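Each residue of the first sequence is one higher than the last, beginning at 1 in this note's numbering.
Hints are computed from structural coordinates only; laboratory data are not their basis.
Be a bit skeptical, because a hint or two may be false.
Claimed, not checked - Below, computed lysine-lysine pairings styled on DSS-like, alpha-carbon distance capped at 27 angstroms:
1. 524 <-> 55
2. 132 <-> 147
3. 229 <-> 154
The structure presented is a predicted model; accordingly, all values stated were derived computationally and were not measured.
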Amino acid sequence: MTKNEIADVLTEIATLLELKGENPFKIRAYQNGARNLEALEDDLGELISSGELSKLKGFGDALVQKITELFETGKLEFYEKLKASVEPGLVSMLEIPGLGAKKIKAMHKALGLDSIEALQKACEEGRVAALKGFGKKTEEKLLLGIKNREAYGKRHIWWAARAVADPILAGLKALPEVVHASHAGSLRRKRETVGDLDFIVGSDEAKPIMDWFVAQEGVAEVTAHGETKSSVRFESGLQADLRVVRPPQFAFALHHFTGSKDHNVMMRQRALSRGLSLSEWGLKPVEDETFENSLVAETEEDIFSHLDMKWVPPELREGLGEIEAAEKGELPKLLEYSELKGVFHNHTVASDGRNTLEEMTAAAEAKGWEYWGVADHSKASFQANGMNEDRVLQQLEEVHALNTSGKFKTHVFSGIECDLLVDGSLDLSEALLMKLDYTVVSVHIGFTQSEEEMTARIIKAIEHPATTMIGHLTGRILLRREPYKVNTQKVIDAAIANSVIIELNANPKRLDMDWRLWKRAAEKGLMTSINPDAHRTEHFEFVEAGINAARKGWLGAENVLNTRSLDEVTSILSLKRNHLKESLSS
DNA sequence: GCCGTTTTCGGCCCGACTGTTTTCAGTCG
Numbered sequence: 001m002t003k004n005e006i007a008d009v010l011t012e013i014a015t016l017l018e019l020k021g022e023n024p025f026k027i028r029a030y031q032n033g034a035r036n037l038e039a040l041e042d043d044l045g046e047l048i049s050s051g052e053l054s055k056l057k058g059f060g061d062a063l064v065q066k067i068t069e070l071f072e073t074g075k076l077e078f079y080e081k082l083k084a085s086v087e088p089g090l091v092s093m094l095e096i097p098g099l100g101a102k103k104i105k106a107m108h109k110a111l112g113l114d115s116i117e118a119l120q121k122a123c124e125e126g127r128v129a130a131l132k133g134f135g136k137k138t139e140e141k142l143l144l145g146i147k148n149r150e151a152y153g154k155r156h157i158w159w160a161a162r163a164v165a166d167p168i169l170a171g172l173k174a175l176p177e178v179v180h181a182s183h184a185g186s187l188r189r190k191r192e193t194v195g196d197l198d199f200i201v202g203s204d205e206a207k208p209i210m211d212w213f214v215a216q217e218g219v220a221e222v223t224a225h226g227e228t229k230s231s232v233r234f235e236s237g238l239q240a241d242l243r244v245v246r247p248p249q250f251a252f253a254l255h256h257f258t259g260s261k262d263h264n265v266m267m268r269q270r271a272l273s274r275g276l277s278l279s280e281w282g283l284k285p286v287e288d289e290t291f292e293n294s295l296v297a298e299t300e301e302d303i304f305s306h307l308d309m310k311w312v313p314p315e316l317r318e319g320l321g322e323i324e325a326a327e328k329g330e331l332p333k334l335l336e337y338s339e340l341k342g343v344f345h346n347h348t349v350a351s352d353g354r355n356t357l358e359e360m361t362a363a364a365e366a367k368g369w370e371y372w373g374v375a376d377h378s379k380a381s382f383q384a385n386g387m388n389e390d391r392v393l394q395q396l397e398e399v400h401a402l403n404t405s406g407k408f409k410t411h412v413f414s415g416i417e418c419d420l421l422v423d424g425s426l427d428l429s430e431a432l433l434m435k436l437d438y439t440v441v442s443v444h445i446g447f448t449q450s451e452e453e454m455t456a457r458i459i460k461a462i463e464h465p466a467t468t469m470i471g472h473l474t475g476r477i478l479l480r481r482e483p484y485k486v487n488t489q490k491v492i493d494a495a496i497a498n499s500v501i502i503e504l505n506a507n508p509k510r511l512d513m514d515w516r517l518w519k520r521a522a523e524k525g526l527m528t529s530i531n532p533d534a535h536r537t538e539h540f541e542f543v544e545a546g547i548n549a550a551r552k553g554w555l556g557a558e559n560v561l562n563t564r565s566l567d568e569v570t571s572i573l574s575l576k577r578n579h580l581k582e583s584l585s586s
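Start from the sequences, fold in the hints, and give me the full structure.
Pasting the structure below:
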């Protein structure tokens, strides 16, 4: 069983224990275990066999034993027994908003409800409202929750969530009562997907702001409308929360609601170790009853400063080492949008893009880029109008003509997105590929191979002397398609050994390779390229999503090929090509 | 279930909102 599959089992164990009414701290231990496992960058098998796993924080004897059993046998007796003891319908009932383990247990006990269907029927018949602790409103809410489960349960890609959030934030900032306003939560942390939108406002007059917020266009339902917090659901299913605090509390609230939860827990523990208590209302001595004498924080920087740390960029606040780095003053200088000097992996009308070589060049120049690279599909991607040898040569001539025409200041690199065939060979000959400036190698077919086959296939491509970079390493489409199975650590090591780049595909639906893997990979020496995979000029904008992911992966300009100048990139690419020539002549 | 130079037992982050309650439990983030 893989690391992530084991993490899923631990999460499910936590859920089942919750439904059984187990000790909440035991439940948390399993949840932490799952999260820690997912964040693990080392090879799990090695950690287990070397005994290193039990030395890591959060992995005690019980968890190590269970993880080992799952890893080695793919099964866990404890889990099987636990699962058999809980009705599966109870687990699915947790998906309904407002329904937690305790209420589910209560309804199961009193009414024998063991599925969402049974719950719906009971609500319609008024049997739930008759229960102690439940009422008419609860019943109505549950029915609505069941009805909207499909649309509301979904997460949203960051790019789409941001498009909804920006006008709301602008609207808030335009209100006369608003002193400070910001988005928060996973949107501000730039997670690849966002569950809901969080807004924080600093103001002395909350009511008109709340009233404006719940009366916005497109609001389908107001789920809360209190003095400090309001929540709405838009017709799209996206939920948005607004919290209004007084201006002196704004920085504390912003920090608190930006999270993540793990980051906040560590920050609170750090405060406690200094005799202070941190919450969204302030930072006060533990013994104080109120926040009246809270330390002052004009900005988030002040909060971190009170705890003897440098400000941590929101992208890093995932509880993955940022606290330790901040206290040592070892936070990285993260990649900035302005540092990009060009992009690779883009398509034109020659394959499945919408714009011509000239249009793309003009768009790249308008962005102030020194260069861009064309990488249309190769012939095996028939559905994407992939190019055969003749068309590749023809495009190469067009690129050359454009570069020498003096029409644009922006240089065009000639590349290709070459299909990686099922047997690990490339779709075009070495002789042809060496005529181009670079090669992006991507998997577009044969997704269902085993992990061993896929890993071997990709490593074979990495060892091919013409390969400059690997495109969208795992093929995932966020919220739609799971990644294909591949041992990323082995691929990363092979890429480093062969001086091959792994792209960070910046398409907001891909963001592949995942940000969680970059910190460790870059430390080991892996280089990336922020690649928009543009199929039209507007898609160049995708680099913003790629930069978000790079920042979440602790990457700085030094880790990224396309922060290099035209001259530097030219020499890096030709170095790789010269190796190819040597290998062909030998 | 995890953790520990104060503890191997007794802690484990903190607060708002809702609905059902006359003081609080459950849920959520």
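Here's how the hints hold up against the structure:
no.: 1; hint: 524 <-> 55; verdict: 22 angstroms, holds
no.: 2; hint: 132 <-> 147; verdict: 24 angstroms, holds
no.: 3; hint: 229 <-> 154; verdict: 22 angstroms, holds
Of the numbered hints stated above, none is contradicted by the structure.
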